[in-house]
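Visitor: Take a look at the letters that make up each chain.
4 protein chains.
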Amino acid sequence: MKSDKLTFGILGGDKRNYYLAKALKNDGYEVKLCGFEKLSNMSCEVASALDSDVLVLPIIPFEKGKEVKSPYAEKTVDLSGYEDKLKGKKVFTGKREKFLSEFSGMEKETLSYSDREEFSVKNAVPTAEGAIEKAINSSDFTINGSKSLVCGYGRIGKVLSEMLRGMGSEVTVSARKSSDLAWIKLNSFQGVKTGYFSELEKFDLIFNTVPAMIFDEEKLKRIKSGALIIDLASSPGGVDFEKAKELGIKTIHALSLPGKVAPKSAGEIIESTILSILKEDDG
Amino acid sequence: MKSDKLTFGILGGDKRNYYLAKALKNDGYEVKLCGFEKLSNMSCEVASALDSDVLVLPIIPFEKGKEVKSPYAEKTVDLSGYEDKLKGKKVFTGKREKFLSEFSGMEKETLSYSDREEFSVKNAVPTAEGAIEKAINSSDFTINGSKSLVCGYGRIGKVLSEMLRGMGSEVTVSARKSSDLAWIKLNSFQGVKTGYFSELEKFDLIFNTVPAMIFDEEKLKRIKSGALIIDLASSPGGVDFEKAKELGIKTIHALSLPGKVAPKSAGEIIESTILSILKEDDG
Amino acid sequence: MKSDKLTFGILGGDKRNYYLAKALKNDGYEVKLCGFEKLSNMSCEVASALDSDVLVLPIIPFEKGKEVKSPYAEKTVDLSGYEDKLKGKKVFTGKREKFLSEFSGMEKETLSYSDREEFSVKNAVPTAEGAIEKAINSSDFTINGSKSLVCGYGRIGKVLSEMLRGMGSEVTVSARKSSDLAWIKLNSFQGVKTGYFSELEKFDLIFNTVPAMIFDEEKLKRIKSGALIIDLASSPGGVDFEKAKELGIKTIHALSLPGKVAPKSAGEIIESTILSILKEDDG
Amino acid sequence: MKSDKLTFGILGGDKRNYYLAKALKNDGYEVKLCGFEKLSNMSCEVASALDSDVLVLPIIPFEKGKEVKSPYAEKTVDLSGYEDKLKGKKVFTGKREKFLSEFSGMEKETLSYSDREEFSVKNAVPTAEGAIEKAINSSDFTINGSKSLVCGYGRIGKVLSEMLRGMGSEVTVSARKSSDLAWIKLNSFQGVKTGYFSELEKFDLIFNTVPAMIFDEEKLKRIKSGALIIDLASSPGGVDFEKAKELGIKTIHALSLPGKVAPKSAGEIIESTILSILKEDDG
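Residue numbers (my numbering), protein chains in the order written: chain A, 1 to 283; chain B, 284 to 566; chain C, 567 to 849; chain D, 850 to 1132.
Any given hint could turn out to be false.
[Unchecked claim] Calculated lysine-lysine pairs in the BS3-like style (CA-CA distance at most 30 Å, straight line): (1) K768/C to K177/A; (2) K591/C to K826/C; (3) K768/C to K147/A; (4) K1051/D to K588/C; (5) K89/A to K1026/D; (6) K1026/D to K185/A; (7) K939/D to K864/D; (8) K460/B to K1051/D; (9) K476/B to K996/D; (10) K1109/D to K809/C; (11) K1034/D to K507/B; (12) K1094/D to K588/C; (13) K743/C to K202/A; (14) K476/B to K1051/D; (15) K1026/D to K5/A; (16) K785/C to K809/C; (17) K468/B to K751/C; (18) K507/B to K996/D; (19) K430/B to K279/A; (20) K713/C to K864/D; (21) K864/D to K944/D; (22) K430/B to K996/D; (23) K193/A to K1128/D; (24) K743/C to K305/B; (25) K915/D to K947/D; (26) K1051/D to K430/B; (27) K485/B to K15/A; (28) K202/A to K790/C; (29) K245/A to K308/B; (30) K874/D to K790/C; (31) K468/B to K759/C; (32) K25/A to K507/B; (33) K581/C to K1109/D; (34) K90/A to K1042/D.
None of these hints come from the bench; they were simulated from the model.
Go ahead and model the full structure; you've got the sequences and the hints to work with.
Guide: So, in C-alpha cells, the structure goes:
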C-alpha cells in the first residue's frame, strides 16, 4: 500500500480536524470528512468515511461510549456497531488507550500522533503564541519593557522565551539541570534554578510550563502587585490558584491553546505527523 | 515653580488617565483624580481638582460642550462655569485646538502631550503589541512560520517588524524613501517599495501603517485566500474595506490600541511626556 | 545619455575600486580599470580610461599633486596633463573639494559619492563588522556573556549595538537626545546619556562612535581592568589614547574598516551609490 | 575534604591554564602555577605545585614522555620521577587515557573535564565566535546580507547559527534528524537535510560542524565562486581540502578556537567545570 494513494476518513473533532482534512486534500489525498456539517460542504456518512484506508479521530477519541465529540456536527458521530468495518484499518487518535478501551483487540492498528516528539515540538509554537496573546490581552502593561520569568526550559519554555525576548521583554528562564542552565545563559537569558527564585518580586509576567506545584503560598506572597501568572502546564498545573485568588493575584490557566489560537496550523501539524508515521510504516 | 512640588488635577478620561494618576502619586506628586468613581477610591470634586497647578484632560478633551468624556465617572465632569479657575494653570490635553475652541484666550497655558515626538515613539510599542495580539487572535494560523508584510517604516513599522521577526515570521517591509529601504535591508528584512508589491500573493499577514489608500481593489484581488489584513493607519485607513468584504478578505481596522491593550503603559507614557515638557518649561 | 549605456573609467584606489569595476561589469557596463596591474587582468592606460563617460577616483582622490594613490598599480596613475580630457566627463570621488583644488573649474562635473546618506548608512555595516572582528580578536574573552557599551546611536551605533546583542553581549547604548534614548529603550537596550556613565566600571567592551573627546582621564580611570576600548570615530577620535596607555588600558583606533574587512561589499556600495546618483541626474 | 579549602597546582599548558589559575585565585583558592614564567609572576617549582590537593594539566597532558607542553615556561615541566607524589591527588586533564598511559594505576584519581557536557556546551561559544571572526577576516564581503549554510545542529551549530543571524546573515541550517529539522524551522531558519543541499550554489559562507566527509568533489563543484568554507569539525574535518584547493575554493580548517580567541573565557570554563566535578564528588 503506497502512502500517496491512501484514502482518509476524518471522524469528528474540532477545527483542527477540519483543517487536517483541507491540508490532506491540498496534498492530493482523497478525504472523507464526517461530522462537520456546520462548517463545511465536505460532508459524508460515518459508514462511508469508514471505507477509507486511514481513519483519524480527535486527540481524545470519545465523549461517551463510542460517540466522537463533534462540535460542528449536525448528526452524532457514533462508531457503535462498526467494529467490523474498523478491523484492518489504520486508526489515528491522540489517547490511544482510550480508543482501545472501547475497541479491544485493535492494538496493532491503533496509532497515536500526539505521543510523537515531532508533534510536541511543533505544537510548542501555537502554545507559546497563545501565551503571548494572553499576556497582551490580560495585562494592563506592554510585554516590551516588562520583566518576565519562564519556568522550565523544555519545548514550550524554549519557544516562549525567544518570543518574549523578540517582543522586547527582559527574560529570565528557570531550569533544574545544569546543562539546561548553561544553554539558558549562552542563549543570553538570565538563568535561575527552578524553585530558587531569588528575585521573584521583580517579575511582571510569570509563565509556568512545569507540571508540578511551583507557585505555592510562600512564592505567591512574594509576587509583585499587578503581576500576571500564566500557567501552561496541564491540569492541575503548577500554581495554587485558590491561594492566588485570595492574595489578589491574577492567574490564567491556559490549556489546549493550539486548537484555540491556530487551528489551521494545529491541523497541519497533525497532518505532517500522521504522514511521517505512515511513511516510516510504509518504509 | 519647581516641578517636583507641583500638584496635578486629572479630569476624566479612560484608564490611561487613571494609571497616569497612579504613576504621578508613585513619583511623589500630589494628585486629585476626578471622574473615576467606578474604578478608584481616589475621588474628588471638579472644583477641588481645579485647584491644582497642572490640569490633565484626555487626548480629545471634550465630548460635547465643556463636558469631559468620563466612562468611569458617576457624576458628569463638566468644566462649564470654571473659566476663571482655569486661568494661569497649565492645561494638558492631546487635541489642543479642541480645548481652545471652548476656552479661547488660553493659548499660552494649553499644551499638547500627543504632539510630542517622545510620545509617538513610545506609543508605537503598545500599538505594535495590539497588532500582534490581533494577528494571533483573528487568524487560524501561527505568526511563527507565516510570511508577513509591514507597509511603512515609520515608528510603528519599525517596532512591529522587529516584533513579528521575534515571533518567527518572515517579514517584508515596504517604504518609499531609498534611505529607509537601505535601513530595511541592513536590518535583515526583505524590502519593497510601497505600492510596488511584486509578491503580494505570498503574504499571510498584512499590516498597514501608511495613512493613504494602499490596498485598493487591484491590490486586494491579488491577496491570498485566508490572509488577514490589519490596518493601523488612522481613519479612513489605507484599505478599501468595502471591497475587501466583497472579496471575502478578512480585515481589521485597529485604532487607539495603546489605551485598549496597555492602559498602564499608556498612562505612564503620558506621565513621562508631561514631566519632560514641564521640566523643559521649568529649565 | 541613458545611464545603462554609460562607460566607466576607474582610476586607481584600493580593492574597493577593483570590486567596483567587477560589479559594474557584472551589471553589463563597459569598464576600463586602470592602476590594478598587480591584481587584475583588466588593465589599461590612463588615457584610454579617460575616454569613458564616467570617471571614478578613490575617496581621497590624490596622493600628491595629481597622482592617484594606487597600491595595486605597477605604473603611476597620474592625471597631470589630462585636464582637457576630463572636461565634460562626470567625475566621482569622495572628497570633492580635494579634487577641485587640483582641477578648478570642474565644479559642475565633480560629484561626491561619500557625502550621500545612502553611502553612509550602508557603510555602517562593514564598519560594525570590523569592530566585532577587533573585539573577538583583541580581547581574551568572548563577546557572548560580556557587557558592552556603545557610545552614540547614529548609523554605526545602531548597527553595531544590534550585532553585539546578536552575538550575546549585554549591550548598553548611550545617546544625547531624549528621542534617541526612547528608541534605545524601546529596542530593548539599556540606555544612558552620553558622558553620564554611572556604571562605567562594569563594561568589558567599549565602542565609541562619537567624534568628540568622551573618554578623558577621569573616565579612563573608572574603566575595568582588562576591558578593551575600540574607537570608531574619525581622527582624532574620542579617547585620550596617551592617557589610556599610561593607565594600561588596551585601546584600538579602528579607521577605514569597510575597505579593510569587506572590500567587495564596500565596492558594491560605491557602485549602487554612483548608479543612484546617475539615475537621478538622468531622471 | 571541603572543596572550598582545596589547593590547586596548575602544571603547564597555554593561556587557558594561566587564566584558570587567575580565576581560581579570584574565587579564593590557593593556587600554585607552574610553567608560566614568561607570562606571570605567579611561578613555582614542579615539586611545590605537586603538594596541592588538585592538579590540573592541559587537555592533552603530555608532549613526549611525562613532559607537559608549556609554551610559556622557561624550564621544562616534567613529571618524571614524581609518581609517588601524584598518588592520592585528584588529577584533571582532558585526554584522561593519555595521562593513564604514563601513569598506570591512577584510574581512580584521574578525571577528565573535557568529557563533560557542560564543558562542551560552554566551549561552543568561543568556537562560534572564532568562526565569525574568520568569516569577517577571510572573506571580501560582509556577513550582513550574505547567505550562509551551517552544517549540523549540535552545540556549535546552534550557537553559530544564532550568531550569524544576529549579524544579519540569511542562515540555512542542515541536520539529519527530523526533530532537529523541526527545531530549525521553528527557530526561523531555513532547514535542509545534511547532504541533500538543493541550493548549494547560493551560499557565500559555509560552516561545517559535522565530523564526516560532507563536502566531497561533487559538492565542491557546485559551490559559488568567491564563497568561503570554514570547517570546524575535528581532524580530518568534513571537507576534501585538496580538491577544494584544486578548484580554487577558499577553505579554512579552524581548530582549537577557544584557546586562541578567548583564552580567558576558555580558562573560566575549565574552572567552572572542574569545580562542578569536585562539588559533586564532595556531595
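Visitor: Against each hint, give a clear statement of whether it holds in the structure.
Guide: Tested hints:
no.: 1; hint: K768/C to K177/A; verdict: 29 Å, holds
no.: 2; hint: K591/C to K826/C; verdict: 22 Å, holds
no.: 3; hint: K768/C to K147/A; verdict: 21 Å, holds
no.: 4; hint: K1051/D to K588/C; verdict: 19 Å, holds
no.: 5; hint: K89/A to K1026/D; verdict: 29 Å, holds
no.: 6; hint: K1026/D to K185/A; verdict: 25 Å, holds
no.: 7; hint: K939/D to K864/D; verdict: 22 Å, holds
no.: 8; hint: K460/B to K1051/D; verdict: 29 Å, holds
no.: 9; hint: K476/B to K996/D; verdict: 22 Å, holds
no.: 10; hint: K1109/D to K809/C; verdict: 29 Å, holds
no.: 11; hint: K1034/D to K507/B; verdict: 22 Å, holds
no.: 12; hint: K1094/D to K588/C; verdict: 23 Å, holds
no.: 13; hint: K743/C to K202/A; verdict: 29 Å, holds
no.: 14; hint: K476/B to K1051/D; verdict: 25 Å, holds
no.: 15; hint: K1026/D to K5/A; verdict: 26 Å, holds
no.: 16; hint: K785/C to K809/C; verdict: 11 Å, holds
no.: 17; hint: K468/B to K751/C; verdict: 22 Å, holds
no.: 18; hint: K507/B to K996/D; verdict: 28 Å, holds
no.: 19; hint: K430/B to K279/A; verdict: 29 Å, holds
no.: 20; hint: K713/C to K864/D; verdict: 22 Å, holds
no.: 21; hint: K864/D to K944/D; verdict: 18 Å, holds
no.: 22; hint: K430/B to K996/D; verdict: 19 Å, holds
no.: 23; hint: K193/A to K1128/D; verdict: 17 Å, holds
no.: 24; hint: K743/C to K305/B; verdict: 27 Å, holds
no.: 25; hint: K915/D to K947/D; verdict: 10 Å, holds
no.: 26; hint: K1051/D to K430/B; verdict: 21 Å, holds
no.: 27; hint: K485/B to K15/A; verdict: 24 Å, holds
no.: 28; hint: K202/A to K790/C; verdict: 28 Å, holds
no.: 29; hint: K245/A to K308/B; verdict: 27 Å, holds
no.: 30; hint: K874/D to K790/C; verdict: 18 Å, holds
no.: 31; hint: K468/B to K759/C; verdict: 29 Å, holds
no.: 32; hint: K25/A to K507/B; verdict: 18 Å, holds
no.: 33; hint: K581/C to K1109/D; verdict: 29 Å, holds
no.: 34; hint: K90/A to K1042/D; verdict: 29 Å, holds
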